[in-house]
Every structure is written in C-alpha cells, then in structure tokens.
Amino acid sequence: MSEMSIESAKTPAEAPAPSVVTHKDAPVHGHDNMHIAERAENLKFATWLYLASEVVIFASMIGVFIVFRIQHPEIVFKVHETTNILLVTLNTFLLLTSSWAMVMGLREIRVNNPKGLIRWFGLMCILGTIFVGLQYVEYQELAHHGIALFNQGNEYDGFGMRFYAPTAFHGAHVIIGVLWGLFVINNTRKGNYDSKNYAGIEVFGLYWHFVDVVWVILFTMLYLV
Amino acid sequence: MTEVTHDTETHIVDAHEQEHYDEKFSFVGRTFNVPTYTGVFALLGGLTVIEVLLSRLEHSSIITIIMLALAVFKAGLVVWFYMHLNKDNRIFLATLLIPVVLVILAVLFLSIVPVGGYS
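Chains as they are written, first to last, in my numbering: chain L, 1 to 225; chain P, 1 to 119.
Check before you lean on any hint, since a few could be wrong.
Claimed, not checked - Cβ-Cβ distance ranges computed for the label pairs, FRET-style: (1) V113/P - L49/L: 44 to 50 Å; (2) G45/P - N187/L: 26 to 32 Å; (3) G46/P - E38/L: 36 to 42 Å; (4) I66/P - A165/L: 44 to 50 Å; (5) V64/L - S60/P: 30 to 36 Å; (6) S61/P - G158/L: 38 to 44 Å; (7) T64/P - L87/L: 37 to 43 Å; (8) M34/L - R90/P: 26 to 32 Å; (9) I91/P - L149/L: 38 to 44 Å; (10) A42/P - F45/L: 18 to 24 Å; (11) T64/P - T82/L: 17 to 23 Å; (12) A172/L - S26/P: 52 to 58 Å; (13) S26/P - G158/L: 45 to 51 Å.
None of these hints come from the bench; they were simulated from the model. Backbone N, C-alpha and C define an ideal beta-carbon position, used for all residues, glycine too.
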C-alpha cells in the first residue's frame, strides 16, 4: 500500500504528524500479499531459467567426461586407484549436510524465526568453506600423483582437463554460494526477511541445491563409475 | 494465526506455515516421525554410502547402471523436496529437463563417433 493511501485512510483529526512510511513499514494487505507472491513466483522462474543455462554448461562438461570414460576406461580406472575416495565421500557428506542446513534455515524463516535461519545458514557457510578447502587438498594429492591439467604422453593422457574443468567450475559455484549465504545472513540480521517475505532466500536456496545436485552427479560420474 | 515459541522467543505465524513446519517425511507409503527435510537428508546419506560400497566391488555393467540410477534418484530427491518441485509450478521442471534431454541426446550422438575416425 502506498504512503498516500495509508495517510488518506485516517480522518484528519486522528492523522499523526507527517512521517516517512516506507513500503517495508506499511501493513501487508491482500493486494500486497498478491504482489509479493507474484514477485516471488517471477523471481523463482527467472532463477530456474538461469539454472537451465547452468545445466547446459555442467552437462556439456559431464558429457565430455562420459565420452572419455567410454573411450579410455583404463585411464579412468587407474585414476580411481589413486583417488582418496574417503576424502571425496566426506566432502560429499559436507555438501549434502549443507543442503539440509539450507532447507532447515528456510523452514525457520517460514515461521518467523530469523535467529534460527542465521544459525542454519551459518552452518551451511562453514560446511561450504570446508568443502572448498578439502577440494584443494584433493587437488594437491592428485597433482602429487602426476594428474595435472595437461598430461600429454603419460599414463593419464587427456584425463586432467576433463576432470579439473567440471570440479573446479563446481568449486567456484560453492565459493559464490558461501558469499551469497553470508549476504543473506547479513540481510536477515537487518530484518529484511520474515514469514511473508522470503523470496530472496528461496532463490538462494534454489542455487545452493542446484550446486548440490551437480555434485551428486559429478561424484558418481567422476569418482565411482 | 498461532503463537509459536522458538529460542525462547514467541513468533506469530499462520496455521498453514505451522503445518508446513511440522510436516513429516513420507516415503514409499510410510510416514516417519522426522521432518521431511531431515528424512530426505538421511535417505541421501544412506544412498551415498551404498553407492560408495558398490564402487568397491568388481566393475560390471549392472553395477554401473545401479550406481547411475542411484545418482539420478538422489538428484531427483534434492530437486523434488529441497527445490520444492513437489509443490511449485511444474513449468520449472520443464526448464530443468529440456536442457538435460538435449545434452543426453548430444552425448549419445557423440559416443557413436569412433575414436580414430571412420576410415
């Protein structure tokens, strides 16, 4: 409801001294609810379209790896023997747990509990950061085994770029997700979200879960199969 | 509207949101006494352990297919429950599936090209 309509709803006798009423301060009525819901739907649809473009990028990288895996299974099996599967599994659990923390945080804001959301999102950001740190450790281990970006002529010929490109691109998404998470936490502390207005959190949630979905597929394709 | 207490603070929420908050996890016809999101998390964790154990077995086509199916199922669980496709507009599902189908077709097409060419 606009500032003017709020003021005009009162008689001159009971009208308070002129003050600035922002959109956020205005009481939420039916029309505003509809506007918020419509805006949330539009935001979500835009996010899904963005994610569709991400699907194409990740799926292309995974597709390239699948073709390599079909044509050179012996190289992939050899790499699997050197991979620290415990470390990667731990990383997978970290990301799955962060996704769980994400939805639990969303659950809290839906019942108007911003403190609960901040706690869960804080956990999510910590787990995402550890994930990136462990991915760095994993890269170090692989590099020590001689698996580099370009392995022309040695036993891992052609593997490096096909492995590092999707995992590093995914890692970059995790880093962006952690930064976005911190931004959402800060916005929540400022009181920008409540049980009627949390589209910004839902949109971030879609992004973070998408990053999780990509890892679920990458984990199986690159490390297990 | 109802009053609920979280962290010793009282918040006013509507009945629909409270119902959503208290929703229990249902899977293959059974309802478990855990919130939906926690149930999905437990299922994802269990399936991941099964996948890793399967990968330790001797490589075979059937195991590969099972692991791929498990991965797709896990991804589906996240999309369905965590990304709320079970409740949101189904047009969102189309935006996800169309590029996936396109890339699968492209990969299938690529995989029929011989490594060393046709000659």
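>> Against the range 37 to 43 Å, how does the distance between the Cβ atoms of T64/P and L87/L compare: consistent or not?
In response: violated (23 Å)
>> Is 18 to 24 Å respected by the C-beta to C-beta distance linking A42/P and F45/L?
In response: violated (31 Å)
> Between T64/P and T82/L, does the beta-carbon spacing fit 17 to 23 Å?
Replying inline: Given about 20 Å between the Cβ atoms, the range holds.
>> Tell me if the beta carbons of I91/P and L149/L are separated by a distance inside 38 to 44 Å.
In response: Given about 40 Å between the Cβ atoms, the range holds.
> In this structure, is the beta-carbon distance linking S61/P and G158/L contained in 38 to 44 Å?
Replying inline: violated (23 Å)
>> Within 44 to 50 Å: is that where the Cβ-Cβ distance between I66/P and A165/L falls?
In response: violated (27 Å)
> Is the hinted range of 26 to 32 Å satisfied by the C-beta distance from M34/L to R90/P?
Replying inline: violated (21 Å)
> Do G45/P and N187/L keep their Cβ atoms within the hinted range of 26 to 32 Å?
Replying inline: holds (30 Å)
> Quick one: are V64/L and S60/P within 30 to 36 Å, going by C-beta?
Replying inline: violated (24 Å)
>> Range first: 45 to 51 Å. Now tell me if the beta carbons of S26/P and G158/L are that far apart.
In response: Given about 46 Å between the Cβ atoms, the range holds.
> So the hint says 36 to 42 Å: do the beta-carbon atoms of G46/P and E38/L match that?
Replying inline: holds (39 Å)
> So the hint says 44 to 50 Å: do the beta-carbon atoms of V113/P and L49/L match that?
Replying inline: violated (31 Å)
In the structure shown, a violation is registered for the earlier hints numbered 1, 4, 5, 6, 7, 8, 10 and 12, in ascending order.
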